[in-house]
Amino acid sequence: MLILTTECIPGKNIIEVKGLVKGSTIRAKHIGKDIGASFKQLVGGELTGYDEMLAEARKIAIARMVEDAKAQGANAIIGFRLTSAAVMQGAAEMLAYGTGVVIDE
1 MLILTTECIP GKNIIEVKGL VKGSTIRAKH IGKDIGASFK QLVGGELTGY
51 DEMLAEARKI AIARMVEDAK AQGANAIIGF RLTSAAVMQG AAEMLAYGTG
101 VVIDE
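Letter by letter, the sequence shown follows residues 1 to 105 in the UniProt record's numbering.
What the hints contain is simulated information worked out from the structure, not anything from laboratory work. Fair warning: this is a prediction, and the values are worked out from it, not measured in the lab. You can trust all of the hints, since none of them are fake.
For each label pair, taking beta carbons as the anchor points, the in silico distance ranges come out as:
hint : residue 1 : residue 2 : range
1    : Ala91     : Lys12     : 32 to 42 Å
2    : Gly11     : Val87     : 34 to 44 Å
3    : Glu67     : Asp104    : 20 to 30 Å
4    : Lys22     : Glu52     : 18 to 28 Å
5    : Arg58     : Ile14     : 22 to 32 Å
6    : Met88     : Arg58     : 15 to 25 Å
7    : Gln89     : Glu7      : 33 to 43 Å
8    : Glu67     : Val87     : 16 to 26 Å
All C-beta atoms in this analysis are idealised placements derived from N, C-alpha and C, irrespective of residue type, glycine included.
All chains, full assembly: derive it from the sequences and hints.
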């Protein structure tokens with residue numbers, strides 16, 4: 001599946017626009033990572049536990065978006081974006097979205 005942030009695909013023709021495709025996941029903090037992060041705030045440094053959690057959330061959201069695109073018959077996604085938002089104390093949603101299209105192969 002070709003995924004691009006641009007609105008067009010150089011050298012390819014968009015044959016059909018399928019519409020919005022999306023995938024999301026909601027991840028919560030692990031108490032152990034939260035305690036470790038609290039100590040890091042005191043001394044500074046990268047919060048690797050949270051970094052890993054967000055990387056996993058991005059991967060899951062993108063995979064779900066690709067599944068949605070395939071289910072709609074798309075073979076490419078244009079206008080790809082990622083966003084995140086807090087949904088409650090200690091939990092955040094990662095959302096991947098774009099426009100599913102069919103391109104000539």
